[in-house]
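J.: The lines below spell out each chain.
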Amino acid sequence: MTEAKAEVLQGTLDLMVLKTLQALGPLHGYGIARRIEQVSGQVLLLNQGTIYASLIRLLQKGWITAAWGTSDNNRKAKFYSLTASGRKQLREETENWERIAAVVGRVLQL
Amino acid sequence: MWERLRSLSSRLWAWARMRRLEGDFAEELESHAAMLTEEYRQRGLAPEQARREAMLRLGSMAQLRESYREQRGLPLLDRMRQDLHYAVRMFRKAPGFTLFAGAALALGIGGTSAVFNIADAVLLRPLPYGEPSRLVMLWQDDTTYGFPRNNPSPVAFDLWQKHNQAFQGMAALTHTSFNLLGQGAPEYLHADTVTANFFSVLGVMPALGRTFTADDGRPGAPPTAVLSYGLWVRRFGGQPRVVGQNLLLNGAKYTVAGVMPREFQFLDPEVDLWVPAQWTSDYIEARKTDHFLKVVARLRAGVSVQRASVAMSLLGKQLSTSDMSDLTAVVVPLREQVAGDVRPALLVLLGAVALLLLIACANIANLLLARGSARTAELAVRLALGASRKRVVEQMLAESLLLSCAGGAAGLGLAVLATGFLGQLIPPGISNSGAPSVNGPLLLFAAGVSITTGILFGTLPAWRGSQVALVASLKQGGGRSGVGLGGQRVRGLLVVTEVALAIVLLAGATLMIRSFGKLYHQDPGFRAEHMLTLQTRLQYPKYQSMARRSEFYREVLQRVESLPDVVAAGYTTYLPLADGGGGSLVTVENHPVDPKHLLIANVRVVSPDYFRAVGMTLRRGRLLERSDGADSPKVAVINQNMARAYWPGENPLGRRFKRGLPQLDSPWYTVAGVVADMRQGGMDVPVRPEAYFSFEQADFFPPDSLAVRTTRDPLSVTEEVRQQIWAVDSEEPVAAVMPLQEMVDRSVAPARLQTGLLGGFAAVALLLAALGIYAVLSFLVAQRTQELGLRLALGARPAQVLRTVMAQGLKLYLLGLAIGIAAALALSRFLTHLLFGVSAADPLSYATVIVLMASVAVLACYLPARRAMRFDPMAALRYE
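So the sequences go chain by chain: A and B.
Reading the first sequence from the start, the letters are residues 1 to 110 in my numbering.
Reading the second sequence from the start, the letters are residues 1 to 880 in my numbering.
To be clear, the hints were calculated from the coordinates, so they are not data collected in a lab.
All values reported here derive from a predicted model rather than from experimental measurement.
From the three backbone atoms N, C-alpha and C, an ideal C-beta is built for every residue, glycine too.
One should not assume that every hint holds.
[As the list claims (entries may be wrong)] Just a sample of chain A residues kept apart from chain B, beta carbon distances all over 10 angstroms, derived:
{"#": "1", "residue": "Ala33"}
{"#": "2", "residue": "Glu93"}
{"#": "3", "residue": "Glu95"}
{"#": "4", "residue": "Arg106"}
[Claimed, not checked] Some chain A residues flagged as far from chain B (calculated, every beta-carbon gap over 10 angstroms):
{"#": "5", "residue": "Leu24"}
{"#": "6", "residue": "Lys88"}
{"#": "7", "residue": "Leu90"}
{"#": "8", "residue": "Asn96"}
{"#": "9", "residue": "Ala102"}
[Unchecked claim] Now the stretches of chain A that chain B is said to cover, found in silico as 3 or more residues with beta-carbon under 8 angstroms:
{"#": "10", "region": "12 to 23"}
{"#": "11", "region": "65 to 77"}
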């Protein structure tokens, strides 16, 4: 896999993670993976572990934070939540994505 | 940018806490797996199956952890950790190689660091004075009669000080000595008489009290003294109250003005105290022709040494008058003055030890190349499995660096051990401040050298290792498939380099050893064995009259000579090797006076038995006799050098000369005898014209050194001699008690140390070069096992095989030899300063080097060749 291609895919997953956290609030890795699968209508069946590479990247950039907590059924789990800069990033990325999608869509309709 | 930084810092932080974070991550994954399992259970799977499905869904744990680590931490650092781990394993598997390479590196890096440490102390570290780079020494340029750097006379100092524009301040000093009485045994103190501005010119502050003010230097002012830290502690127990107290020096009262800090010294570390000079204009005029001062000056801000030199040379021409010697001043930076003769020696040693390090590098590179060849298969597998070539280079460089840094650490230990010993190379003028120690520069230097070394010897093998031809190597499979002929050529070149470098070192060492032999075994003109020397200093005004002094000498000599173990005893002003000074102008009768070529001779006032006591040889005429008394005709004995210089081609006996310029009203002395030249200033200092006068007939310098020839260990008679002196005068201090042999040893000590070091370096170099040849040939023989076996099987005689193999090795040696000799001849001129009685192109030395290197090379070639000769053809053929 070339570097550039990997980056696009990574970026997409990151964007989905951010969006999920914005929609649902603090959530653990399992919850995020589950949600993305559901929302995508089971189109995206993840190797759920890959979610963690994305989470670490987002942590390192300071867009999300992590803290240990307790899940609904009383299990210890690490919860991720969006930071202020993460929110800002999500807004920018969303706009970006929509613009690109629109452009690509128009081009493809030609 | 900010994000990148943030990301990096987070990675760094994570890397540091990797272990904990990994545990944390494992826990998180476990919790995730549990939730997934729960999900599958709810869909109705059995617990075990649910768990399996969950794990599948999550992905490979190992892979996750790996990618986690890559993303989370610093892959570079991780790879380095991996590389080092791997390198340690490699070294464990090859302990012989590791030990050898480590030892060679430790010697090389340790030696370089140790010599650097000394060089740093002598040549680089600032001297402990205010703005030391502006301090210079001024010497009087008396080149015209053989003293390019003569001690300035008081007149010269006085005129320079009044008329110069180049200096902010100028101070003069001269050595003197005192007999300290009161509180305990009489003690002989070394002192410097200094002009009152001495301390301010140097820019130093006292530890206690004050230094001198202009008032202290005014003639007739109450005498004051500044103590050295050593004297203050030794004699006054380090009591602050000492300031303002009185000392009894030579019977006169001196008030202690202050105490200098521990690290303060100027030129002579033995000085115990300083007293202010109170010179009157009459005094300066009276000692017009006596050259006994040292002058230190501080350049004006912005004035360079060169500009000051030009200015002082012009000033000298303006000031010169017909009856005065040249008044030009030679300006010498203080650093150059104190580092003195050591500088070339240090540079030569530094160069030598750097060469040694290079040889060690070449050697290890060579061994690594050989190992690289043996590791071809391993490297090929790694490359085939997807390691990038860059990664292989990284891995191999990590091995080299680990090796060089381990060697460097051991070397640093060696350097610290060697420093005390090498400290002898530091001239006394800077030993107080410059005492070498483990310090920042040393650590930096050792680290720098270690890393450079690792890269130096590691790059080539690493690069070659990464160039392994994949398919070919994997097919051949065995460990003996070389990197190819190219590799062999590279290794041959390395050996040639090693031999050449070793030849350079060997040549230098051989020259030094020959030179030292000549220095040590020369005839110095005296016999040092069984000779005790010591100093007494007659106190004034008690011994003001010459008759009183003569009485003291006669009585002491008579008493000492009557001791059972004493053969002879004599007094002199300067012992052999003690000093080259004491030069005076002389006027030779019927010798035309040329103001530009004034005659000068070292003047010695002695007791008649002095010649016999030190073992000098009479060449013509007679020695001084006891009958040459105060009322007899005045006579003198001169050395051969003086006879040749001032009465060339004539018989000097019966001719007359006197001290001072022709117009000076001083008595004439008739030459009664000529003695063989004797070393005066040091074993390697050229002999100067010298004249001896009897203490009964010469009042200009009172003798203060006693030479006693004994029948047994000279130190064993010390106490008896001391008692005899005290029987004559109980207030007479007895100082500087020493066998003359010790003076000889001290005089040659630097040469001995330099020679020993260079010899040691050369021996290691020789060994390394021999090992280099041996290793390459052994490798070659191993590679050609099959071919040589075949030849033997086909009927080649073993001797032929031996010849073939040896020829290959000797070819390398001969090439190295040729290059090495050429380089040695070119470089040996740097040794010229250090050599005594041996030319830098001395054929005997070079012949020795060639023979020595040849025998070692032949041996190093013979051993592998013999192995080749003894191959069992069958075994060799089956080998593949």
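J.: Next step is simple, just say for each hint if it's right about the structure.
T.: Now the hints, each set against the structure:
1. Ala33: violated, 8 angstroms
2. Glu93: At about 14 angstroms from chain B, Glu93(A) clears the 10 angstroms cut-off, so the statement holds.
3. Glu95: Given a closest Cβ separation of 19 angstroms, the condition holds.
4. Arg106: The claim holds: Arg106(A) sits with its nearest Cβ about 32 angstroms from chain B, beyond 10 angstroms.
5. Leu24: holds, 15 angstroms
6. Lys88: Check passes; 12 angstroms lies beyond 10 angstroms.
7. Leu90: holds, 15 angstroms
8. Asn96: holds, 16 angstroms
9. Ala102: Fine: 27 angstroms to the nearest Cβ keeps Ala102(A) off the interface.
10. 12 to 23: With 0 residues close enough to chain B, the hint is violated.
11. 65 to 77: Holds, because 5 residues of the region 65 to 77 of chain A bring their Cβ atoms closer than 8 angstroms to Cβ atoms of chain B.
Taken one by one, the earlier hints fail for this structure at numbers 1, 10, listed in ascending order.
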